[in-house]
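These are the residues of each chain, in order.
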Amino acid sequence: MSGTTACFVIVSRNDIPIYEAELGSSAVRKEEAAHQHQFILHAALDIVQDVAWTTSAMFLKSVDRFNDLVVSVYVTAVIIHTRLMLLHDSRNEDGIKSFFQEVHELYIKILLNPLYLPGSRVTSSHFDTKVRALARKFL
Amino acid sequence: MEPDVSMETGSMIRVAVLPVGGPVPPDQLRDYVSMLVRHQQVALSSISSFYMEHQKSPFTNQPWETGSLRFKFMVGGSPPSPWEDFQSNRKILAVVGICHCPSSPDLGLVSEQFTAACKGYASALVERCFAFCPSDSQLEDKFNKDRRIILFPPSDRKTQEFHMLTMVQDLAASLLMEFEKWVLSAESAGTILKTPLDSQASLSSEEFIKAKKKRLGRAQKTIGDYCLLAGSPLDANAHYTTAIELARLTGDVFWHAGALEGSVFALLVDRIDVRDPALEEEVKYRYFTVIQLYRRSFLPDNSRRISTVSFELEATLRLARFLCRHELAKEVVDLLMGAADGGKSLIDASDRLILYVEVARLFGTLGYHRKAAFFSRQVAQLYLQQDSAYAAISAMKVLSLTSKAYHIQSKRGDSNSGASPNEAKSTHAEGGKVHLQSIVSLFESQWSTLQMVVLREILMSSVRAGDPLAAWSAAARLLRFYYPLITPPGQSGLASSLANSAERLPQGTRCADPALPFVRLHSFPSHHPSQTDIVKRTPGKEDWWLGSAPSGPFIYTPFSKSPSTGGAAKHHNHHPPELTWVVGEPVHVLVELANPCGFDLTVDSIYLSAHSGNFDAFPVSLRLPPTSAKVVPLSGIPTGVGPVSIPGCVVHCFGVVTEHLFKDVDNLLQGAAQGLVISDPFRCCGLGKVKLAAPPAITAAPPLPLLVAHVVGGDGAAILYEGEVRDISLRLTNAGTVPVEQAHLSFSGKNQDAVVNAPYEALRSALPLLPGAEVSLQVTVKAWQLSPADRRSKQGASPLLVIYYAGPVAAAPGRRLAVPLQVSVSRGLRFVKARLLSMEIPARVSETLPAAAPPAGEEDGRRGGRLVKINPYRGSWGLRLLELELSNPTDEGFEVNVVVLPEGGAAAATDCSTTRIDRDYSARVLIPLEHFKLPVIDGSFLGKTERSAKAEVDACIDSLISKIKVRWRSGRSSRGELSIKEAAQAALQSSVMDVLLPDPLTFGFRLRRTGGAAIAASEMVPLEILVRNNTKELIKMDLTISCRDVAGNNCVDGDNATVLWAGVLSAIGLEVPPLEETAHGFSLYFMVPGEYTLLGAAVIEEATDMLRTRARTESPEEPIFCRGSPFHLHVTAAV
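Protein chains in written order, with the UniProt record's numbering: chain A, 1 to 139; chain B, 1 to 1135.
It cannot be assumed that every hint is accurate.
Stated by the list, open to error - Result set (DSS-like, lysine-lysine): computed pairs, CA atoms no more than 25 angstroms apart in a straight line:
(1) B:K119 with B:K158
(2) B:K782 with B:K750
(3) B:K56 with B:K181
(4) B:K963 with B:K750
(5) B:K833 with B:K981
(6) B:K158 with B:K181
(7) B:K833 with A:K61
(8) A:K61 with B:K181
(9) B:K330 with A:K97
Unchecked claim - Which residues of chain A face chain B? A partial, calculated answer using Cβ under 7 angstroms:
(10) P17
(11) Q38
(12) H42
(13) A43
(14) D46
(15) I47
(16) W53
(17) M58
(18) D94
Hints listed in this document are in silico derivations from the structure and should not be mistaken for laboratory results.
Note that the structure is predicted; figures quoted are calculated from it, not measured.
Just so it is clear, CB atoms sit at the ideal spot from N, CA and C, and this is done for glycine as well.
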């Protein structure tokens, strides 16, 4: 699994990134590259926006790509309409799907916190740790 | 790769447009070019008059009625492409020179230059040179005989345009004829058509037949291209079909693709906009083949490494552009993503640039703005890799196009995007509380990381491009919105790039994007709120100030609240608090400034920005240290009547003038409160949260008078002892520009009845008070008693002097001046208790009875002394003493003076002597109560019911006490009066009858002889007892006279009698008529000199009820005993 790239972002219904994480196993990477990853994910929102309405599936695999990087998205229920977006170069589809499902569960736990305003940033370090652990497990 | 490829490019004739001759002014050039460029399509029908058929046209199916020729004008020309043979539309087929005659007088020279310029375009079939604005001499120039230079004589625009149209039609006709010639020659002779793909070697090494067929196929394809350019799609299609067949046979994949592409062009001529699904399917089918063929034509072993990828990509882009509609978004996205992927294999950076530009454009057309922005940024990065100012300008422009998608656009000119926050804000201003979602929506699509990167790139590119304003704006946005994500050195770097940009800008440049500091509204204070209060006038009312807030010292009054409490919040929303400013009077607005960054911020000037135009603001300059915040008062003067709007501040900082709107910061803070924005700049600078108050609606009122109060002797509180009376002098000055016409003075607040004397008249007589005039008022205040609560807190206990005043204009509001009469009351002399003493000092027996009131002379004598002197001949006759115990807990000595006012006025007050009470000491003051006895004991007084008697008694006590004034003085100026009312009342309650009512009988003794009052022993002393009946009824009594010596022994009776007597001394039956006196004479003979006391006593017989009541007897059988005051007798030794 060495050298994989993965950038994970949770986007709220207002298109604000509420959680960002570089999950690639190549630990030290240039800041520039990280920016590029976010740029790709941001651009993919346009396509996700259209594709999400054409399918009932929550997991949209490889909706967008740029160069070798592929964007997969997990769209949550419509009211919250949060999108879990992963930029990756691995083709481990099942792993990505499981990763999304697990993170979605974690995110629901965050949502259930009465002090959390839906749509604001997720700042829980516990969440972060868990997400990174899931990334190691599945990606 | 070529930019702007579409299905139509195949049928466009390229015309190079070149300026020739002398320099053409840019405006003129633009004008001439625009005249030319509008003729992009020339109908075949319109050129028939210029067309001459020299031989039979090869374009057999030319649609003369419907067809047209299309031009693509390449201003400035373009270098020849190596792929010209493959796609004839890449050739420059005509050259048009543009000449501005005034700058190039020699037309011959122009002609030579033009010919030289045309040499560069070998493929050009037609050349024309248009010369504008020729002079008369040039029009007659004989060198221009060959008409190579077409002169456009100066005339009006319309004529020139018509002239131009004619010339373009002529050009089109010439081109058409040239195409015919070319096709005829190509058909007959055959031409060698090559592309960079074909190496010399490969062509010759192939079989002859195949090579010939290949050549034939390529020729057919090229003829098809020309047919297409000549506007004959049917002919083109026929040739393309042949070409496709031949290419397929010969395996000439590349040309096969080209021919197939051409057939699609031919199919789509004039039908681009037709939305025919069948046609679309056909185009898609053919194009996918085209793309496949182009891909196959790429030879990996190609020795020259010439790639056909660009053709594949162009074909992809063509198809994408053709399909580019939202319904087909998915297909277009797939095509574009494929094209973008293909970008990797492009070797030339400028090809990739074109590819990304086209991809971005197509995504933009599709409505995918984020995608478009993404590819635009890729374009910008490619530009930035080039090291030239022009590339940097391009990068900057492209990046600024992306700024909208990344929500970082400059405020300049984006009224649309500015509108939505404005609306949200306005609801906020009214609402006070915004729905959470709408706050969230303000921060939609805030990808701060991306925004920062893009802004940095804009900054970098504008610095490179030499656009200081754009650089300033980008740096300002970066610093303002992302300072928490930037390290302090980074912040300083941005600050210096702001300063550097500003150096290259002219002084006073304005920028729409504010930088630092953050400015927010703090409050609207007034200097002395109580002195400048503005009160609405109720027109036509004497008390115009009534019913208008503020009515008292309280901020909150339950009555001023809107009546509909149910919808209070909503109701309140539509009425932001109102604020009235007065024209010509300076006002202050407090704003908070925050510098959350790690460098020193110097604000060159900051002032309130007023959009209403009736406000002069005063600039202030200041310095904000790193991560600090300040509350700064900004001031200004309203200059005109009407509403004043203060939406923000104008700040001159980092060399550029910007406007900072309060609502922007409010939105930011809202976002910060919701965790949507990274940081609250004020909180991180240590300033607390300010409740977001709705900004008030400010109106400027016409000039009003302004009274300023000045308390003589300073504003400090006067320290008064309880009960102290003091005059407080006030000076009122009219500091306004309008006279005070009406003024009304009143007092309010706690202890307002402490004001003893108010200067109503003085104020009224001073009206009208002209501007600058002054009036002095004197208010007399008597310090109030401290209650236990007062002792704890002395705040707010002072009474308020309130003056409502107004100017001459009836419509203008009035004003309210509230001056607290600063009085601090401290504990003074305390009244401990009062007691009624019945002290008996016997009077001396003399020739007369003691007088009820002492003679005047006697009083005068008493006044000088320090002590109350008792007239020995009077004793305590008719006298009662009220003892007041006073204590002095203060630090100063008090002098107490008890004054008893006689009935009927203060003129002849009985003044007791002064008693001094030192600090921490108590003293008793005796008040003789001698004048209070009623002369007659009357049944009417006593024969009343318990209750009314009590009321009467109370009234009596009140009147009694009100006559007693305990006045004191202390120190040099403090003087006052002690309130003894309650205490004295308690003391007197039980014994009031004794104080007030006379006894029924009064006994008096007097000498019955004349010639001195001296009495010697051993001599017969004739005496007389006088019994006075104080009632209105006859009293019968049994009178007894007793005489006692110093020891109190009866010296008349008994064994040791030392006094002999003559006459009756006991059991004397007397009847005294009402209000009359009866005398009874007797004589005493004193054997021993010394002091003796005579005492009269009587037992009243047949007493009436009234007497019984007075005597307080319990049973009717009880005898009523009446006893008089004792009298002294001083018996001297016998001479």
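Between the alpha carbons of K833 of chain B and K61 of chain A, is the straight-line distance 25 angstroms or under?
Cα-Cα ~99 angstroms, so violated.
Q: Would you check the hint for K56 of chain B and K181 of chain B, treating anything up to 25 angstroms between C-alpha atoms as holding?
A: holds, 10 angstroms
Hint validity - Q38 of chain A Cβ closer than 7 angstroms to any chain B Cβ: holds, 5 angstroms
**Report entry** Pair hint outcome, K963 of chain B versus K750 of chain B [Cα-Cα no greater than 25 angstroms]
**Finding:** violated, 28 angstroms
(Q) Can you verify the interface hint for A43 of chain A: is its Cβ closer than 7 angstroms to any Cβ in chain B? (A) With a minimum Cβ separation of about 3 angstroms from chain B (threshold 7 angstroms), the hint on A43 of chain A holds.
Notebook entry, point to check: Quick one, is the M58 of chain A hint okay against chain B at 7 angstroms, beta carbons?
Noted result: violated, 19 angstroms
For the pair supplied as a hint, K61 of chain A and K181 of chain B, is the alpha-carbon distance within the 25 angstroms limit? Since the Cα atoms of K61 of chain A and K181 of chain B sit roughly 58 angstroms apart, the hinted pair is violated (cutoff 25 angstroms).
**Message:** A closest beta-carbon separation below 7 angstroms is what the hint needs, so does P17 of chain A meet it against chain B?
**Reply:** holds, 5 angstroms
Just to be careful, I want the Cα atoms of K158 of chain B and K181 of chain B compared with a cutoff of 25 angstroms; is the pair within it? violated, 35 angstroms
* **Proposed interface contact between H42 of chain A and chain B, which counts if any beta carbon pair is under 7 angstroms** => holds, 5 angstroms
Are D94 of chain A and chain B close enough, Cβ to Cβ, to be under 7 angstroms, as the hint says? violated, 24 angstroms
- Given hint K158 of chain B paired with K119 of chain B - CA-CA distance at most 25 angstroms: violated, 33 angstroms
Consistency note: the structure conflicts with the earlier hints numbered 1, 4, 6, 7, 8, 16, 17 and 18.
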